[in-house]
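Q: First to last, the sequence lines map onto chains A and B. In terms of our numbering, the first sequence opens at residue 1 and continues consecutively. In terms of our numbering, the second sequence opens at residue 1 and continues consecutively.
It should be emphasised that the hints constitute simulated quantities derived from the structure, not laboratory data. Each residue gets a CB set at the ideal place from its N, CA and C atoms; glycine is no exception. Accuracy of the hints is not assured; some may be wrong.
[What the hints assert, rightly or not] Calculated from the model, a selection of chain B residues having no Cβ within reach of chain A, i.e. all distances over 12 angstroms:
no., residue
1, 67
2, 93
3, 95
4, 105
5, 171
6, 176
7, 185
8, 187
[Unchecked claim] Using 20 angstroms as the maximum straight-line C-alpha spacing, the simulated SDA-like pairs for lysine to any residue come out as follows:
no., chain 1, residue 1, chain 2, residue 2
9, A, 296, B, 118
10, A, 382, A, 266
11, A, 382, B, 132
12, A, 78, B, 223
13, A, 78, B, 112
14, A, 78, B, 108
15, A, 296, B, 117
16, A, 297, A, 284
17, A, 297, B, 117
18, A, 78, B, 264
19, A, 78, B, 268
20, A, 382, B, 131
21, A, 166, B, 3
22, A, 163, A, 197
23, A, 297, B, 118
24, A, 78, B, 267
25, A, 163, A, 389
26, A, 78, B, 115
27, A, 296, B, 116
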Amino acid sequence: MQSRRRFIAAAAGTALLARRAHAAEDIVIGYHGPLTGPASWVGLGGRDGALMAIGEINAAGGVNGRRVRMIAYDDAGKASEAETVARKMIESDKVFAILGGGLSNVAIVVGGEAQRGSTPYLNGSAASPKIIDAKSRWVFNGATIDIRDIAENDIDFIGDYLKVKKVAVMNGADEFSQTLADNVVRGIKDRFGVETLTQQRYNPGDTDFSSQLLAVRRSAPEHVLMFGLYVEAARAVKQARELGIRTPVKGDTSMMNSGFLTVAGPAAEGVVVDYVPPYFNGNAAPAMVEFEARYKKRYPSYPVDRPNYVDVYNYGTMYALAEGMKRAGTDLTGRSLVLALETFKDWQAHSTWPGAVDVIHPLTFTDSHAGNRRLSYFRVTKGRFEPIADFKAPIPSTRFPANDTLSW
Amino acid sequence: MEDLFDIVPQLVVSGIAAGALYALVAIGLVLIYIATDIVNFAQGESVTVGAYMGWLFITELHLPYLLALPAVMVGSALVGVVVERVAYRPLLKSPPFTVILATLAIGLIIKNGIRLVWQSTPRTIEGVFSAEPLEIGPVLLTPERLAIMVTVAVVVVLLALFFRFSRLGRAMRATAQSQEAAALMGISVPGIFARTWALGTALGGLAGMLIAPLVGINTELGDVLVPGFVAAVVGGFTSIPGAIVGGVMVGVLENLAGVYISSSVKQVVPFVVLLTVLMVLPSGLFGAKRRKMV
Chain A
1 MQSRRRFIAA AAGTALLARR AHAAEDIVIG YHGPLTGPAS WVGLGGRDGA
51 LMAIGEINAA GGVNGRRVRM IAYDDAGKAS EAETVARKMI ESDKVFAILG
101 GGLSNVAIVV GGEAQRGSTP YLNGSAASPK IIDAKSRWVF NGATIDIRDI
151 AENDIDFIGD YLKVKKVAVM NGADEFSQTL ADNVVRGIKD RFGVETLTQQ
201 RYNPGDTDFS SQLLAVRRSA PEHVLMFGLY VEAARAVKQA RELGIRTPVK
251 GDTSMMNSGF LTVAGPAAEG VVVDYVPPYF NGNAAPAMVE FEARYKKRYP
301 SYPVDRPNYV DVYNYGTMYA LAEGMKRAGT DLTGRSLVLA LETFKDWQAH
351 STWPGAVDVI HPLTFTDSHA GNRRLSYFRV TKGRFEPIAD FKAPIPSTRF
401 PANDTLSW
Chain B
1 MEDLFDIVPQ LVVSGIAAGA LYALVAIGLV LIYIATDIVN FAQGESVTVG
51 AYMGWLFITE LHLPYLLALP AVMVGSALVG VVVERVAYRP LLKSPPFTVI
101 LATLAIGLII KNGIRLVWQS TPRTIEGVFS AEPLEIGPVL LTPERLAIMV
151 TVAVVVVLLA LFFRFSRLGR AMRATAQSQE AAALMGISVP GIFARTWALG
201 TALGGLAGML IAPLVGINTE LGDVLVPGFV AAVVGGFTSI PGAIVGGVMV
251 GVLENLAGVY ISSSVKQVVP FVVLLTVLMV LPSGLFGAKR RKMV
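Just chain B, with the same shape it has in the complex (with noise of 0.2 angstroms):
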């Protein structure tokens, strides 16, 4: 028998994997409440959307995994810009609880809408990468989880260079400071919004084409949303490092709660990692503190 801390590694290294699925979730949704101060409860649908997108582009067009990967950000990315349109910009200037329930209503407008044609019969994709352990030290983890660690890694990357070196990224950094003054700039505020919206669900989408080989694709998978959205609050809801360290903090404690604790309380881990943050930093681990002028 293992000893019970020998699997210390093991379990941080798992939650990690988990994590990183949870902190994709939650920088979708901090992407779209930094530009546009709503929090996108239909987040979780888009990681459905994308996972359901592959196995159609898999399936029905025959394409490669990999070519289905991108083509899945894209008809993601549309997707948002679609429902930016139709749902949130008509409400632009609707109380933000109207607008946050509009997504909601998005979201099992989206759910309810994949059962009909599909029902909830679990469907599934092959992924590129293989699912035997490779054993690195103490540790195994399989290709398909690592491939996950690394291209969350790789897109954290590219998110921050894009905000800092593309004309695009600067013009939504400075949306996210001040609208008005980014429209005075000749930036168009509705627009960079469009396009906040479609990064923010394009990443939900890609959590969906990464997570769909390991477990399945099901209208239920949108249920990531729980881990993603405390992962965000955890982080400070407003800043990208946060959204990760968030993230992994939940899969990582989850996991040690579930042995050392127990695997009843594994659910509740994320709920009072949020109680515990949400009293001691109000903020968040990485929020900026917000002060509202009177």
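So here's chain A without its partners, still in its complex pose (with noise of 0.2 angstroms):
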């Protein structure tokens, strides 16, 4: 009889140790973007940016009392990649979500793949509109932005604040930037009567522009928008000075960095762009200054170009995931944590992570799944991304599909 007893206690303990164990497993995020390739700066960005905030998760107890750990996956920006990226993620490592740091082609790919696999997508840098219009329950767009938003943002400041009739556009060939230039490049036309004179693509990767630029100096534009990534970007624009074009550039959000006036120089004096993130590198925001401050000690010799704004965006999107993960309790699925995301209403990290910096705009998820539809304006003088206070961005009408048109 007693040796039964015994059998049961050390029965029950066990059972009570092995649910203890559970509890304090590990939360594994998968996290995918381009490690390498031209476009490594996104990736490898969004990837430190994630890290950072889980290191202060963690340091903060983690996530209802498990620490959460992420395996970063390089898709080197191809969709051809991302497939493969996403099922390692989902069917190998089983991880419990997935945090997307990369480049829309990929983007849209991983999203497919998420809603195949049940696995909670929280895309924090990508911008297609093909990511939230797959409706599923499982994609949420995190501190980015849907290119429609900048869209309509960018043909008001042309349009109505630029005041100009005749663009010229350059824009890479990549998802992203083709995708924003021919929704501006439509939208200009169609309420603002702007004619486009031409428009050039480009390549990542690309080093000379002079066909490009040409057609576009032969065209004679009042402004030339400029749409891609900030490297390539930054070639262009200083060759577009040894060609002679002294035009206006319009760019977006790619190229507010401190990269793009390294490698740009002088001639990125005048540069106009659009901005998602509030804050950005250099900035003397009490917020960034912190950031600024944490992301040196984490990182001490990064890089010219970092933080930037996809570090900034996956840091608050990091955030924004463990929040859901609190929200949903201790019986964690992917179905609780799609559900706690939902009651996202301008949630900020600082307001239920106090040791977290409020370094995004404030996320929203209850009625649609794209967290975010602010961005603001910037132009560079004296070597230097200043706000343009005097345009004030709408917030865009683009009706997203409502959550409960979303299917699982």
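Combine both chains into one complex, guided by the hints.
A: Rendered as structure tokens:
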């Protein structure tokens, strides 16, 4: 009898310990982004921003007592790699959720795989409409902003603020740049009658832009609109001046980066960019000063183009993921996380994670999975990005699929 | 608005400036191929190595650009010697395919080694020439780009003189014609191989130093291998003048197609040129016909 009691006690103890061990099990998050190739600054920045957030989250006791661990995967910025990477995360490594630090072409594919694998996917940096329009309950846009929202702001900015009537467009051939450029070209024509005299394309990694720039010069525009990753854009801006093009340039979020200023040099002066997060590197705002100080402490020899918007995006989006998991409680499942995220209303990290810095716009998922809809504009003045205070970017009108129309 | 054909002179000159760099990469490929029968697919990475080396010399050792330039060439040559000794010489008797794979592997090792140390973040160095354009007739050209064209021209002349008049240059030519005959004449064939690799990678390093002030430095600079390779093949792969003509041809045609066809086809042009030339002239524009004895 005594030995039977001992056995039951031992079994109960083992079960308790096992339950405790399960509760204390790490939550494994997958991360994908281009860690190599011409866009590697996107993936590396996103990874490092997310890792910094995870370090802080774990130092604060983790999520409901569980530590968060991240496995980073290199998708090389190629859609052809995306499926393999997504399947590895979901099927082999069985990650609990995925944080996206990749380009749009990759995020579209990973979003589809996340839907098939019933795995929550927080896209921190890609902006293609195809991500949200897939109408997946599992897929969220975190700190980033949908291209249609950027385009709507850009259309207002170009037609109403810059008041130009003839533009030339140069855009990267990647999914994000091409889609944004096409949306803006269509919108400025429809709303303000702005004529696009020429639209030139270039590829990631290009070093010579003379043919595109000469086509731009030939068309004699009032303004050049440039959409593309910052390294190529910086080279093109520099080369434009070499070819005698003095036309003002409007760029995009990617170019709001000290790396852009470094590569383009004095040719960057006067360039106007839109920018999604509220803060940027070198910004004197207390939150960004604090963010940069922490970043420097964690990555003492961080490169000139960091922390940039992708570091900031994924730092903030990682906190959003952690908050969703915290709200889902101890009975954490993919579904409970999705439902918890859908309760976010103007959520800011610092409000629920006192150790966090608020470097992204507040996130709202109560209506749709497009968490952020705000951006602002800056101009390079004396080698620094200065806010354009007299243009107030409107909250765009695009209607995203409502939560109750999304499919599990 | 400029007339559609008003910009032709500018397109041609800008194409020559871009093509000069392709030619420099192509010459490095050709030199190594002539002497060793090996296509060095790591040649693009010698451009990257040269650019990073220049950045280190200028930012860490505070060397002025003009002093860093020869230092980079010497440093790149040493890298070439090491690569030849470690990756190529042990495979001397292996099938050519194995050696080609080895050069590909070396390129990847170099590229990823740089990534590991400095990540892919762009760096910049200041050149010595102005980036403000000069107006030369209907054409704008910056002293920076003009300097590249002049440098490539000078390098070509020096190489011609080197191969014609120097003892080492003549030994290289002899080895290229027949390794057995050269060895019988007392020439150290492995020594010539090492020196040829040194020369080829030094030219890659020079290309890296020339391009760095224009476009910045990152680990993708080695992608210039693609147009450089096409230039070498178009030129015949055994001819230095062919490499120059091939480089300039690719640069100019890229520009013309980019404007008069579409910017989207610009990247395709080198391959169209390659296929067209090979269909019409299988040995390239300047290549010697090679007959295999059976």
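Q: Each of the hints needs a verdict: does it hold here or not?
A: Outcome of the hint check:
no.	hint	result
1	67	holds, 22 angstroms
2	93	holds, 34 angstroms
3	95	holds, 30 angstroms
4	105	holds, 16 angstroms
5	171	holds, 36 angstroms
6	176	holds, 32 angstroms
7	185	holds, 44 angstroms
8	187	holds, 39 angstroms
9	296/A to 118/B	holds, 16 angstroms
10	382/A to 266/A	holds, 9 angstroms
11	382/A to 132/B	holds, 18 angstroms
12	78/A to 223/B	holds, 17 angstroms
13	78/A to 112/B	holds, 18 angstroms
14	78/A to 108/B	holds, 18 angstroms
15	296/A to 117/B	holds, 17 angstroms
16	297/A to 284/A	holds, 18 angstroms
17	297/A to 117/B	holds, 19 angstroms
18	78/A to 264/B	holds, 18 angstroms
19	78/A to 268/B	holds, 19 angstroms
20	382/A to 131/B	holds, 18 angstroms
21	166/A to 3/B	holds, 18 angstroms
22	163/A to 197/A	holds, 16 angstroms
23	297/A to 118/B	holds, 18 angstroms
24	78/A to 267/B	holds, 18 angstroms
25	163/A to 389/A	holds, 17 angstroms
26	78/A to 115/B	holds, 18 angstroms
27	296/A to 116/B	holds, 19 angstroms
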